[in-house]
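Q: Chains as they are written, first to last, in our numbering: chain V, 4 to 212; chain S, 4 to 212.
Hints were generated in silico from the structure; no laboratory data involved.
The structure presented is a predicted model; accordingly, all values stated were derived computationally and were not measured.
Do not rely on the hints blindly, as some may be mistaken.
Same chains, same label: a pair holds when it works inside one copy or across any pair of copies.
Claimed, not checked - Below, computed lysine to aspartate or glutamate pairings styled on EDC-like, alpha-carbon distance capped at 20 Å: (1) 63 to 189; (2) 39 to 79; (3) 63 to 92; (4) 10 to 58.
Protein chains: 2
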Amino acid sequence: MNSFPSKIFEQAVNEFATLPGIGRRSAVRMVLHLLKQNSADNRRFGETIVRLTQEIRFCKNCNNISDAEICSICADPRRDTSLLCVVEDVRDLLAVENTQQYHGLYHVLGGVISPMDGIGPGNLAIESLLERLKGEVVNEVIMALGATMEGDTTVFYIYRKISQLNLIGLKLSSIARGVSIGDDLEYADEVTLGRSILNRTPYESTLVR
Amino acid sequence: MNSFPSKIFEQAVNEFATLPGIGRRSAVRMVLHLLKQNSADNRRFGETIVRLTQEIRFCKNCNNISDAEICSICADPRRDTSLLCVVEDVRDLLAVENTQQYHGLYHVLGGVISPMDGIGPGNLAIESLLERLKGEVVNEVIMALGATMEGDTTVFYIYRKISQLNLIGLKLSSIARGVSIGDDLEYADEVTLGRSILNRTPYESTLVR
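In isolation and in its complexed conformation, chain V is listed as follows (with noise of 0.2 Å):
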């Protein structure tokens, strides 16, 4: 699809398409679909999506999205100050929270360490961390990146950064690596299913759910 027949539109067109996962084809279908909308429902769209940069907040605490200077989650009394969970961004805070069996604090990166993307640890919200935890009363720390090797290099800066603080009774923990639940064991890839071997939880601690 080189040339549309309406230069707007095709502005419409490039723009959807610089979204994640979105092609151009997509990108024309959505434009058609607010062809077919009234202009309030596009007004409202198009001004939400300009509010979005304009209002949208980064908690002074936690880095979470916010409306206030901090978040709703930091702001909460009913939530356990003494544990701090660390995530790369905000998708994965939501995907945490959405198990509703997360009660404490969250510490978001904004990121892991990737010299191939430019990322160095200066440029995630690690310093802000080895801050909170010498100003806060933390107990511990879970460790919630994803399984990859920029995960696992980000867990391993930031545990050595946290180690060097030589904070008394500081736990620090990883979330779970194993066979997913539903899954059959022998479509589990070999890492995964080696890990969940040498990771077992003994019986007292899967039968209390």
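Position chain S against the provided structure of chain V, taking the given hints into account.
A: Using the frame of chain V, we list chain S on its own:
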């Protein structure tokens, strides 16, 4: 994902989730992507959507999207004005244009007759098609609608309406239905394969491509 830590974020996710083929998870991914863009880019994106419905026009002639009163296809003097290709919507027009095999004009119906969706002939640009045929010198009308019950109904309706005009020398045709090029016969559905046998093309016409 029931609640988000930010209202404007949630609003943006809701807007993106109204797009065709976009679920909540993809919408979150898109909004997080926008948050990483600089605000000038997002402003342009948002404003493009607002401008889209304000500025887009539909060709007076053929109903195609356009920046002016007459679309670039109708205004192109190199186009064969004796051929008229009837399509359901702009997406289909773009698909035919992409083949670079057609150099006539179009007529965009804006849908197909579908009583289930409350779309009757009156909701489509059929009257304007008949007016065009009366006013312009057209030799052939090519129906390029989808091979669905709604498409067939629409073709039948338009066919009857055009016949009533008693235009001498006007040919009516439909795009060919048959086995896709590159497809194995055994995977083609029976109806398509059946039609492709009934409507077989003599060798001289297939050798000239």
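Q: Against this structure, judge whether each hint is valid.
A: For each hint, the structure was consulted:
1. Taking CA atoms no more than 20 Å apart as the test, residue 63 paired with residue 189 passes in neither setting, with 45 Å inside one copy and 62 Å between copies.
2. In this assembly of identical chains, residue 39 and residue 79 lie within 20 Å of each other by CA distance neither inside one copy nor across copies; the values are 42 Å within and 26 Å between.
3. Taking CA atoms no more than 20 Å apart as the test, residue 63 paired with residue 92 passes inside one copy only; the shortest distance there is 15 Å, against 49 Å between copies.
4. Taking identical chains as interchangeable, the C-alpha atoms of residue 10 and residue 58 lie at most 20 Å apart only when they sit on different chains, with a minimum of 10 Å there against 30 Å within one chain.
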